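Participant: Take a look at the letters that make up each chain.
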Amino acid sequence: MNELRAIYTIWKRENIRYVRDKARIFSTLLQPLMFLVIFGAGLGGTLTQSNFGIDFMKFMYPGIIAMNVMGIAFFSTVSTVWDREFGFLKEILVAPIARTSIVIGKILGAITVASTQALLLLVLAPFMGIQLHIIIIVKLFLFMMLLAFAISGMGLLIASLMKTTESFGIIMQVLIFPMFFLSGAFFPLTSVPLWMTILSRVNPLTYGVDAMRQIILNGLPAELAHKLFLFPIQINVIALLIFSVAMVSVATLAFNRRS
Amino acid sequence: MNIIEVKNLIKKYGQLTAVNDISFTVKKGEIFGLLGPNGAGKSTTISMLATLLAPDAGEALVNGFNVSGQRNSVRKSLGLVFQDSSLDDKLTAAENLYFHADLYHVDKGSFRERLPEVLKLVDLWDRRDNIVRTFSGGMKRRLEIARGLIHYPAVMFLDEPTIGLDPQTRFNIWEYILKLKQEKDMTIFMTTHYLNEAEYCDRIAIIDRGKIVALDSPANLKKLVGGDIITLMAANLEKLRQEIEAKLNLKVKIEDSKIKIEVADGDKFLPKLFHELEEKILSVELRKPTLDDVFLNLTGKKIREEDASAKELMRRHIAMRR
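In order, the protein sequences belong to chains A and B.
The opening position of the first sequence corresponds to residue 2 in this note's numbering, with each subsequent residue numbered one higher.
The opening position of the second sequence corresponds to residue 16 in this note's numbering, with each subsequent residue numbered one higher.
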């Protein structure tokens with residue numbers, strides 16, 4: 002009971018902090034819009050001529066949503082490093098609660114914040130000629146949560162390995178941007194070199210992008226679907242679950258190390 | 016009754032023995048100070064007592080609970096104020112306390128009763144709905160003290176409670192700490208490297224290189240130095256000296272055209288001196304030994320007051336700019 006209360010408290014703090022940070026909400030909404038408008042306008046024309054088969058903005062849209070989920074979930078959990086640097090983590094760590102409750106509270110907070118904000122991006126769908134109905138939205142929301150779960154486990158693991166906030170920039174360069182670009186958000190991964198195929202398969206974002214793309218672009222002709230989609234939805238679910246469980250377990254272990 | 020009992024506690028970092036076989040007890044209702052220079056082992060000791068660090072050997076009990084085996088019970092017995100602020104500066108003052116009450120399993124009814132009580136104690140009741148980021152360093156420290164009290168701790172741990180604050184604010188924080196002791200009968204265990212602040216403690220353990228070199232009340236510690244120093248100026252020094260030596264049977268030195276006398280209890284000695292003497296005295300100065308004299312006497316070196324490391328200064332700088 003006490004542990005549930007602790008989890009709830011930590012979850013609530015994540016939400017309060019998120020709602021108060023207006024600049025962050027604004028910038029996390031602006032970034033996906035920027036990608037859609039610039040890439041969509043820049044590449045759309047070229048690709049229409051080369052028989053891509055689908056409006057490029059439509060193609061990119063699910064990927065952008067997945068990227069948005071990942072960005073917020075990652076930032077929410079990796080921010081634990083700031084808590085450590087500026088002492089607040091100590092307040093949580095000396096409280097009479099289990100470390101595992103801290104991990105669970107943090108991850109639930111990240112999932113809530115990331116999937117709620119990604120839901121806001123769905124208002125863009127009609128502008129791109131994409132029809133959404135309640136079943137699609139529910140399915141998407143489940144995948145948003147699943148992807149946020151996987152990524153927040155990773156964020157927490159990185160946070161418990163990172164000693165200072167200075168390494169944050171390096172993490173962004175060597176991990177987050179490659180994960181974005183190798184996820185299939187910007188181009189289909191069906192005809193890429195072998196090395197890229199391998200890298201994209203260990204990238205959890207790939208499975209999130211693939212699943213969301215199939216949900217949003219349902220009813221494509223089989224030939225086109227074959228060109229754009231990677232795996233059956235069930236495989237995406239399993240891959241994300243495996244990644245989540247692995248990351249959260251290792252993160253909990255790393256967090257539990259007494260120091 | 017002892018709130019803290021420490022027996023032969025040891026903590027090593029590789030080759031360095033940060034805390035080297037220390038033992039002491041803290042009684043209920045007293046202010047107990049751990050005094051020593053930076054790196055003496057104060058923070059390591061307080062971290063072990065707060066269950067943030069595991070001791071390598073020895074035993075420590077806080078409120079009757081073992082710091083190694085009964086960590087959660089120890090944690091619930093403690094109110095902690097750290098060197099660096101550990102508040103969430105995006106939350107309001109009241110939210111920070113609410114969050115704390117949740118983590119320490121304080122029920123809603125008690126919390127509602129307790130919130131005005133602790134915030135009024137540190138004069139922050141009017142600021143309860145303000146975001147902590149807008150607070151000054153002294154206000155943050157006061158809020159942390161209030162937060163530490165929310166869950167009815169048996170003892171407050173203050174790790175360098177006034178570090179990084181200006182002298183006026185330091186004095187101000189001490190008023191609140193003394194109020195805690197007087198109004199709440201709170202036991203306070205603290206570390207400091209400010210000598211003048213150690214004077215407020217009921218008892219002090221002087222720690223140097225991981226060892227406790229002395230433990231007593233500030234007054235008794237100063238007696239270790241020898242005595243009070245009385246300096247006299249007179250029109251005729253030689254005549255005065257002869258008179259003192261004859262009538263009071265004391266050895267007297269003349270230094271820099273002043274008479275110097277060392278006596279055990281200067282306060283009581285002065286009236287006696289004036290009563291006995293006929294020779295005219297122009298001025299008199301009585302100097303009590305300071306804790307710095309004590310530290311010098313015990314370790315052969317002085318505690319430097321302003322020796323914050325570069326990293327610490329940098330941190331404070333960043334913390335201020337946030």
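I should point out that these hints are in silico values taken from the structure, not numbers from a laboratory.
Any given hint could turn out to be false.
[Stated by the list, open to error] In silico contact screen, one side only, chain B against chain A (beta carbon under 7 Å); selected entries:
(1) ALA65
(2) LEU95
(3) SER100
(4) SER101
(5) LYS105
(6) HIS120
(7) LYS123
This one's a predicted model, so the numbers in the text were calculated from it and none came from an experiment.
Quick reminder that beta carbons are idealized off the backbone N, C-alpha and C, glycines included.
Participant: Evaluate each hint against the coordinates.
Facilitator: Evaluated hints:
no. : hint   : result
1   : ALA65  : holds (6 Å)
2   : LEU95  : holds (6 Å)
3   : SER100 : holds (6 Å)
4   : SER101 : holds (4 Å)
5   : LYS105 : holds (5 Å)
6   : HIS120 : holds (5 Å)
7   : LYS123 : violated (11 Å)
Violated hint for the displayed structure: number 7, the only one.
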